[in-house]
Every structure is written in structure tokens, then in C-alpha cells.
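So the protein sequences, as listed, match chains F and G. Each residue of the first sequence is one higher than the last, beginning at 20 in my numbering. Each residue of the second sequence is one higher than the last, beginning at 7 in my numbering.
Just so you know, these hints were derived from the structure itself, not from any lab. Yeah, the Cβ is synthetic: ideal placement off N, Cα and C, and Gly gets one too. Treat each hint with caution, since some may be false.
Lysine-lysine pairs mimicking DSSO-like chemistry, simulated, CA-CA at most 27 angstroms apart [unchecked claim]:
| hint | chain 1 | residue 1 | chain 2 | residue 2 |
| --- | --- | --- | --- | --- |
| 1 | G | K418 | F | K127 |
| 2 | F | K99 | G | K463 |
| 3 | G | K202 | F | K127 |
Covered stretches of chain F, going by a simulated chain G footprint (3 or more residues, C-beta under 8 angstroms) [to be verified]:
| hint | region |
| --- | --- |
| 4 | 85–92 |
| 5 | 98–111 |
| 6 | 207–214 |
Sample of chain G residues lacking proximity to chain F, with all beta carbon distances greater than 12 angstroms (derived) [stated by the list, open to error]:
| hint | residue |
| --- | --- |
| 7 | D16 |
| 8 | S244 |
| 9 | G374 |
| 10 | L387 |
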Amino acid sequence: MTELLRIEDLHVEVEGKEILKGINLKINEGEIHALMGPNGVGKTSLGYVIAGHPKYKVTKGNLFFKEKNILELRPDERAKLGLFLAFQHPVEIQGVSLNHFLYTINKKISNKGLNFLEFRRSLLERANLIGITQEFLNRQLNVGFSGGEKKRAEVLQLLTVNPKLAVLDEVDSGTDIDSLKTLTAAITEVNKNGTGILLVTHYDRILQYLKPHYIHVLIDGRIEKTGSSELARELESKGYNWLKQEVYAQ
Amino acid sequence: MMEQLSIREDYKTKYGFNEDVQTIFSTNKGINEEVINKISSRKKESQWLKEFRLKALKAFFSKSMPQWGADLNRINFDDIIYYLDPLSKKSASNWKDVPEKIKNTFERLGIPEAERKFLSGVGAQFDSEMAYHKIREDLEKQGVIFVDPDMGLSKYKNIFRKWFGKIVPILDNKFAALNSAFFSGGSFIYVPPNIKVALPLQAYFRINSESVGQFERTLIIVDKNAELTYIEGCTAPSYSKDSLHSAVVELVALEGAKLRYITLQNWSDNVYNLVTKRAFAYKNARVEWIDANLGAKVTMKYPSVYMMEPGASADILSIAYAGKNQHQDTGGKAVHYAPNTTSRIISKSVSKDGGRGSYRGLVEVRKGCTGVKSTVRCDALLLDELSRSDTYPTMKIEEEDATISHEAYVGKIGEEQLFYLMSKGLTEQEAMAMIVLGFVSEFTKTLPMEYAIEFNKLIELNMEGAVG
Numbered sequence: 020m021t022e023l024l025r026i027e028d029l030h031v032e033v034e035g036k037e038i039l040k041g042i043n044l045k046i047n048e049g050e051i052h053a054l055m056g057p058n059g060v061g062k063t064s065l066g067y068v069i070a071g072h073p074k075y076k077v078t079k080g081n082l083f084f085k086e087k088n089i090l091e092l093r094p095d096e097r098a099k100l101g102l103f104l105a106f107q108h109p110v111e112i113q114g115v116s117l118n119h120f121l122y123t124i125n126k127k128i129s130n131k132g133l134n135f136l137e138f139r140r141s142l143l144e145r146a147n148l149i150g151i152t153q154e155f156l157n158r159q160l161n162v163g164f165s166g167g168e169k170k171r172a173e174v175l176q177l178l179t180v181n182p183k184l185a186v187l188d189e190v191d192s193g194t195d196i197d198s199l200k201t202l203t204a205a206i207t208e209v210n211k212n213g214t215g216i217l218l219v220t221h222y223d224r225i226l227q228y229l230k231p232h233y234i235h236v237l238i239d240g241r242i243e244k245t246g247s248s249e250l251a252r253e254l255e256s257k258g259y260n261w262l263k264q265e266v267y268a269q
Numbered sequence: 007m008m009e010q011l012s013i014r015e016d017y018k019t020k021y022g023f024n025e026d027v028q029t030i031f032s033t034n035k036g037i038n039e040e041v042i043n044k045i046s047s048r049k050k051e052s053q054w055l056k057e058f059r060l061k062a063l064k065a066f067f068s069k070s071m072p073q074w075g076a077d078l079n080r081i082n083f084d085d086i087i088y089y090l091d092p093l094s095k096k097s098a099s100n101w102k103d104v105p106e107k108i109k110n111t112f113e114r115l116g117i118p119e120a121e122r123k124f125l126s127g128v129g130a131q132f133d134s135e136m137a138y139h140k141i142r143e144d145l146e147k148q149g150v151i152f153v154d155p156d157m158g159l160s161k162y163k164n165i166f167r168k169w170f171g172k173i174v175p176i177l178d179n180k181f182a183a184l185n186s187a188f189f190s191g192g193s194f195i196y197v198p199p200n201i202k203v204a205l206p207l208q209a210y211f212r213i214n215s216e217s218v219g220q221f222e223r224t225l226i227i228v229d230k231n232a233e234l235t236y237i238e239g240c241t242a243p244s245y246s247k248d249s250l251h252s253a254v255v256e257l258v259a260l261e262g263a264k265l266r267y268i269t270l271q272n273w274s275d276n277v278y279n280l281v282t283k284r285a286f287a288y289k290n291a292r293v294e295w296i297d298a299n300l301g302a303k304v305t306m307k308y309p310s311v312y313m314m315e316p317g318a319s320a321d322i323l324s325i326a327y328a329g330k331n332q333h334q335d336t337g338g339k340a341v342h343y344a345p346n347t348t349s350r351i352i353s354k355s356v357s358k359d360g361g362r363g364s365y366r367g368l369v370e371v372r373k374g375c376t377g378v379k380s381t382v383r384c385d386a387l388l389l390d391e392l393s394r395s396d397t398y399p400t401m402k403i404e405e406e407d408a409t410i411s412h413e414a415y416v417g418k419i420g421e422e423q424l425f426y427l428m429s430k431g432l433t434e435q436e437a438m439a440m441i442v443l444g445f446v447s448e449f450t451k452t453l454p455m456e457y458a459i460e461f462n463k464l465i466e467l468n469m470e471g472a473v474g
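Bound conformation, chain F alone (with noise of 0.2 angstroms):
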């Protein structure tokens, strides 16, 4: 199994205040990997350092990916190595059509050379795939998307620059279940050539349509539990307030 992404003993500290505490993750291509946890953990924040926000300083540790130290890489370096990060809540940018967008993504990470008319071609049926239109493409990047608009627009960003490594931040909240069900199939096809997958959940909804390899429960910064599919179940009929007790009572 190749590594993809190596983890050690990662400390976070955001506006002086530290919020991963030593995290340790490791993801081979191909696998799902789902990262749980109430809200407020930090598990928005671990994707962020991942993907290089300038707010997130890293105070102790290290971020591999592919062998090599990436925490001195741009945002923009480290998505093309092959990272990617679907947002939780993605930004607004106005004029800039989602085609326009994804056409100028297409040409930065996977240099196909393919021309503008080539490309819409096959991104009109990426965008089929997961209930994507015509004129939803032409609309201005994530301006007065809906919430389940926003999840497939960042899905179709997947789909479209085929990365070897994504962290997809909830990208089941504010979706319904037939857009979970497509999101989820689509997912799991970019899977299956390799992606490896960092899923951010609040939920295990998600999880009864795309089967992850491993479960980390992450609380007050760190990876406290970690297990196969049958851990989802276990918190969720009992919450996430039985590890938290678990976790003190230590």
C-alpha cells in the first residue's frame, strides 16, 4: 500500500490558543478514513492544516505527504502534489462562474491541455452524475448556492481534479437523501481509482453509503479512539459523551 498522507504528532495553535494537541494519522491510497467527533474538536482544523491555511500555526510535528514534509508548502503547492479540501462552508466569490472555476482548476492541477470546449464536454457529464445542470454551472461560484448547491458544486471540484488525497469537510450536512446517495456513489467511484479519503462527519449518516476503512473520534484536539465501522454505531446509540467520560475517566 502506498502512503499517502503521514501525521505525527501534530500540534495546532490558532490566534495563540492550541487546538490539535497531537494528532497521529496515517492514510494509504484508496482507503476511507472517517474522522468523527462533536462540535468544536477541531476537525474543520485539521483539514485547514492540511491544506495550509496561513491562520493555522503549526507549534510540534509533522505533515508527510507522499514521504515528503509538506508544511512548508503554499496552499496552492500542496493541491497540486495531489491534496484536496472540500470546505464545510465554501466562499463566495463574485462574477467568477463554477464553470469558469472549475476550468481554471483543471488546467493548475491536472494539465490536460484539454481546450475549453473539450473540457465543459466532459465536465457537463461529471456534472450529470451528481444532478448538476447546465445553468447551475454558469452561476457565480458559491453566491446564493443553497446548502446542498454548495456540497455538490465542491463534490464536482473532486470529480474534476481527481486528486490523490481528499478531505471532505461535511459534505453530507444540508443534503437530502437522494443528494447523499449521489454524492456518496460519486465519492466512492474516485475511490475506487485510488483517492484516498479523509471524511469529516458529524454524523454516521454518511456512513451507511460510503464504508470507511477506519473511524477516529477526535475530542478537545485529539484522536481518541480509533476502530472499524462498528465504532460509528456504538456512538451513535450511545453519543459521543460516553467517550468523553471514557476519555476522563482515564
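Given the structure of chain F, go ahead and fit chain G onto it with the hints provided.
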């Protein structure tokens, strides 16, 4: 500092080069009646025109400098050459007859190619005179006139003199007076009734020599129910000494006419660009100013539409990009002199590296002009903490029955926007360019495709070195 240099270097190779062209005739530096006498006799002008120029010079001396807007104190009117003619024969109608080096300049700027591909006609000015002027034969046969002002005055005297100096009178402001005194080159266009010119006419203004002032004059008359799109572009070499460009543009849209006037201003950053642009729109006529200001050291320009009769409408779209040491003081004026007239002014300014973008605008509604609608929106985008944006909107509304709206918005590029785009694979510079292009997309959409592409490239060029 290095980044700044690279922008200049880039501008220099693409636009800021200069050709060592032989001067055929030039006046000495300095501003006085003698210069006018020389220009007038060189051009073999009528006594009427010479007197017009002399009167304008008096008006120039009598008027004070504007006490508002950009800092103009460093302009030394005695250190400027007011007329420089690089041509022994002007306004050639075949590129073959344009002197080699001048032709090379315009070829490097892509003008003959654009003419072949998508224009109805082209005028190309080099310093003080038009080197080339040509309109497609089919349009000429339909009676469309596209010549330089000298030719306009000699060959089409009646229609020329009917409007010349009437839209922008000599006494309008100090720089209108300056232009009226020394004007040379520019365009005179007349479109006969009901003729719809499908492809745009273009004029290109090129300053080549150091210390030369360029004072072209444009007069466009679109007759009843006729239509025209006109595009002007301009560039200059980057000199350490300041240059002055002061144009006057007068537009007339008669009943039912449609006129769209597009400017892509890309002067080098040593040019003072002080321009008066005004249109009269008659019954049900529509005038659109689409005005983009990227270059220049200082720009002061407020394209105006006077709606003279009912049903007239105005659309003014002003874009300004202010970089280091640049002040773009731009905007628009909508003057409602008749009932049931409509106007819209949209201004978008982008400032970076300490540049300053100012919106200055006027909406005026005269008493008794009922049923007037006017919308003003000015948006500013600041790319860093050093840069500045101000708005100076003026409303003179004398009629209660008018619907007026004004919105202003100042935004900054946020860290979250940059991170979002960078995490998807764009460099910081590319991300900023994408945000800026998105911000001005309302403007870009109005341009013919070829110009939209060119404009986007210009913005990207300006974004280079925006971040360290």
C-alpha cells in the same frame, strides 16, 4: 521593489516601447499664441478655427486649476511640446503608405490585425497626427463618415461646425480650453439616419515622443435611429518625465439613435490623463459610456450624458484600477433635462499597492422633469491596507417626482477568499486576479469578446507582482 520593476518591465515590452521616429514638424516647448500660429499655418486652417484656438488659449489662462480631484500641481505647462507631427503625409488609407516605424508600432499593438478581423474601420494616431484612417467601403457608400477632425472641418463643414464645441464649450473647464486651443487628431464620425453599423469603429491613440502632449478631439454624430459602437484604446512609452493627454470627446445621439462608446485606457504610469467627455441624447436616444482606466499617473474623467428630450437614456459604466503612485479620479454624470429619462451609473474601482481610486459623480434632475429614474452604484475593492478609495457623489434633484437610488460598497479581499482559491490550486496572485476579474465582470461582459480577453490580460498583467 523588484515586483514593481517587473510590472513596468512587462508594460515596457508589450506597450511601453518607443520607436526612434523622425520628427517632420514640431513646435517648441512652451504654451503661447505663437504655438497656435504655427499649428494653424502648418494645418492651413481657416481664420475661424485659428480664432477659436486663440480664444480657447485665453480661456485656458483665465480659468483656474480645479481645486478638487487629483493633485495636478506638478504639471509644468511650459515643459510640454503641444504639437509634434511625425508624418509628411497624414491619414493614409493603406497601411503600406504609413511610415515603416510607425506602422511597426501599430503592428506590435495588434491594430491592423484587429481591423482585418472584427472592425468596421480604424483610425491610428501617432503623437499629434493621425497616421492612418480607413473605413470599410460598404459603410462609406452608405454615407458613414469616419475621418480626422481636420478633414471633418474642411470636407463636412456644415455638420461639423453645427456641433463642434457645442457639447463641450471652450469655457467648460481649464482642460477643455487647453484641448480647444491645441487640438489635433482624433475622430469625426457621422452615421446617417437608420444606418446600423454592425462592427465597431476603433481609434487608437499612441504617444511616442517624450514631453509631447496629446490633445485629440473627437466628435461623433449618430443621426436618427442609427447605431454605432466606437472603441478607443491608448498606450505610451514609459518615460521618467511626465506626459500630458487631454482630450475632448463630444457625442450627439439624435432621436432614436444608439451610441456605445468604449474606452480601454492603458497609458504608461507617467501620463496625466485629463479628459472631458460629454454626450447629448435626444428623444428616445441611448448613450452608453463604457470607460476603463487602467494606466496613467493621474486620471480625471467623468463621462457625462445630458438627456435633452423625453425618453432619452444613459448608461455609464466606469472601471478604474489604481496601482502604486496612481490616482484614478473617475465616475460619471447623468443630467436629466427632460421628463421620462433614465440613467444608470455603475462605478467599480480596484486599488492596490497604495493606489487611490475615487468615484466622483453627479445626478441632476431639473424641475419639471417628471418620471425620471436614476440608479447609481459604486463598488470599491481594496487589495491591501495601503490603498484607498473615496466616493464623492453629488445629487441635485429639483423635481420631487424622481426615482433615485444610490448604493456604495467598499470591500477587501479576505484571507478566507484567498485561502479557498489557493487550496484549489491557484497561486496567491492568480487568486487575487480571479477575484478582481470577478469584481469587474459586469464591465467585461459588455465588451466585444476580443476586447474582453485583452482587458482580462491587462488586469492579470497589473496583478503581477501584486503580492510578495
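Which hints, by number, does the structure contradict?
3, 4, 6, 10
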